[in-house]
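Asker: Below are the chains, spelled out letter by letter.
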Amino acid sequence: GAVVSQHPSWVICKSGTSVKIECRSLDFQATTMFWYRQFPKQSLMLMATSNEGSKATYEQGVEKDKFLINHASLTLSTLTVTSAHPEDSSFYICSVTRMYEQYFGPGTRLTVT
Amino acid sequence: GQSLEQPSEVTAVEGAIVQINCTYQTSGFYGLSWYQQHDGGAPTFLSYNALDGLEETGRFSSFLSRSDSYGYLLLQELQMKDSASYFCAVNSGGYQKVTFGTGTKLQVIP
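These protein sequence lines are chains G and D, in that order.
Quick note, the first sequence lines up with residues 49 to 161 if you use this note's numbering.
Quick note, the second sequence lines up with residues 28 to 137 if you use this note's numbering.
Chain G on its own, in the form it takes in the complex:
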């Protein structure tokens, strides 16, 4: 398998501020990582594919200038929610893939007040 960590596990921020979420692959070098968002009682929605050393690929409808992704190394990808608003409050989860299996981090619960 693969072990993935995320930091922080939860964060509360004020509207208009930016929040950075880190995703680390602890035992596997990941050229690709994925970022998902999940609202309460809903499914996981893929936001973007993070590519090591190149620009992220965003899904349709996801604002790339609002959700900044940096994949600076084979073990670290970061998601920055810029100018956060209450509607950005959600559960953000990253994952890495080995073959067809996705291994997820524990998630970050973001609350914007």
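Hints may contain errors.
Partner residues aside, some chain G positions facing chain D, computed with beta carbon under 10 Å [what the hints assert, rightly or not]:
(1) Q54
(2) P56
(3) C61
(4) K62
(5) Y84
(6) K89
(7) M93
(8) L94
(9) T97
(10) E100
(11) S137
(12) I141
(13) Q150
Straight-line Cα separation of at most 25 Å, DMTMM-like style, residue types lysine to aspartate or glutamate; simulated pairs [to be verified]:
(14) G:K89 to D:E82
(15) G:K89 to D:E32
(16) G:K112 to D:D95
(17) G:K114 to G:E70
(18) D:K132 to D:E82
(19) D:K132 to D:E41
(20) G:K68 to D:E32
(21) G:K68 to G:D136
Everything labelled a hint here was simulated from the structure, so no lab data went into it.
Being a predicted model, the structure only gives us computed values, none of them experimental.
The beta carbon of each residue, even a glycine, is placed where N, CA and C say it ideally should be.
Based on these hints, arrange chain D on the given structure of chain G.
Answerer: Leaving out everything else, chain D in the frame of chain G:
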């Protein structure tokens, strides 16, 4: 685009068998995966079907019919700890990209 449909909720009795269905419409299909997610937790991988037929892993089995764009997850000898949300997911983009279904919340009752 991709779309996957599942029943929203299922209730079953401890010790029984339950089947969770998934129908999908997709392009670039590589296979169908199933994930389990407990409340507040992250999804965990259960199974993957690339070819038609049944795959068995312990108490869990998964079935795929590519011609019908249909699959199901079968849970046997249900236990209380199986109460969770179950998601089918389509693998595309060379396995790696995964699109999740709407999710089925399973409640196991005594």
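Asker: Please go over all the hints and tell whether each is borne out by the structure.
Answerer: Tested hints:
Interface hint at G:Q54: satisfied, since its Cβ lies 9 Å from the closest Cβ of chain D, which is below the 10 Å cut-off. Hint status for G:P56: violated, given a least beta-carbon distance of 15 Å to chain D, over 10 Å. Checking G:C61 against chain D: minimum C-beta separation of about 20 Å lies over 10 Å; hint violated. For G:K62, the interface hint is violated, since its Cβ never comes within 10 Å of a Cβ in chain D; the closest pair sits about 24 Å apart.
A hinted interface residue such as G:Y84 counts as satisfied when its beta carbon comes closer than 10 Å to some beta carbon of chain D; here the least separation is about 8 Å, so the hint holds. Checking G:K89 against chain D: minimum C-beta separation of about 8 Å stays under 10 Å; hint holds. A distance limit of 10 Å between C-beta atoms decides the matter here; for G:M93 the minimum to chain D is near 8 Å, and the interface restraint holds. A hinted interface residue such as G:L94 counts as satisfied when its beta carbon comes closer than 10 Å to some beta carbon of chain D; here the least separation is about 6 Å, so the hint holds.
Below 10 Å, beta-carbon pairs count as interface contacts, and G:T97 has one with chain D at about 7 Å; its hint therefore holds. With 10 Å as the threshold, the beta carbon of G:E100 stays out of range of chain D, its nearest partner Cβ sitting at about 13 Å, so the hint is violated. A least Cβ separation of about 15 Å between G:S137 and chain D goes past the 10 Å threshold, and the interface hint is therefore violated. At about 6 Å, the closest approach between the beta carbon of G:I141 and any beta carbon in chain D falls short of 10 Å, and the interface hint on this residue holds.
Interface hint at G:Q150: satisfied, since its Cβ lies 5 Å from the closest Cβ of chain D, which is below the 10 Å cut-off. Among the hinted pairs, G:K89 with D:E82 is inconsistent with the structure: their alpha-carbon atoms are about 28 Å apart, more than 25 Å. Between G:K89 and D:E32, the direct Cα distance comes to roughly 15 Å. Compliance with the 25 Å bound is thereby established for this hinted pair. With a CA separation close to 36 Å, the supplied pair G:K112 and D:D95 exceeds the 25 Å bound.
Of the pairs offered as hints, the one joining G:K114 and G:E70 holds, with about 16 Å between alpha carbons and a cut-off of 25 Å not exceeded. Taken as a hint, the D:K132 and D:E82 pair is honoured in the structure, with Cα atoms around 22 Å apart against an allowance of 25 Å. A hinted pair counts as satisfied when its Cα atoms are at most 25 Å apart, and D:K132 with D:E41 qualifies at roughly 15 Å. Our distance criterion of 25 Å between C-alpha atoms is broken by G:K68 and D:E32, whose separation comes to about 33 Å.
For the hint linking G:K68 to G:D136, the alpha-carbon distance of about 13 Å falls within 25 Å, and the restraint holds.
Comparing the model with each earlier hint shows violations of hints 2, 3, 4, 10, 11, 14, 16 and 20; every other hint is respected.
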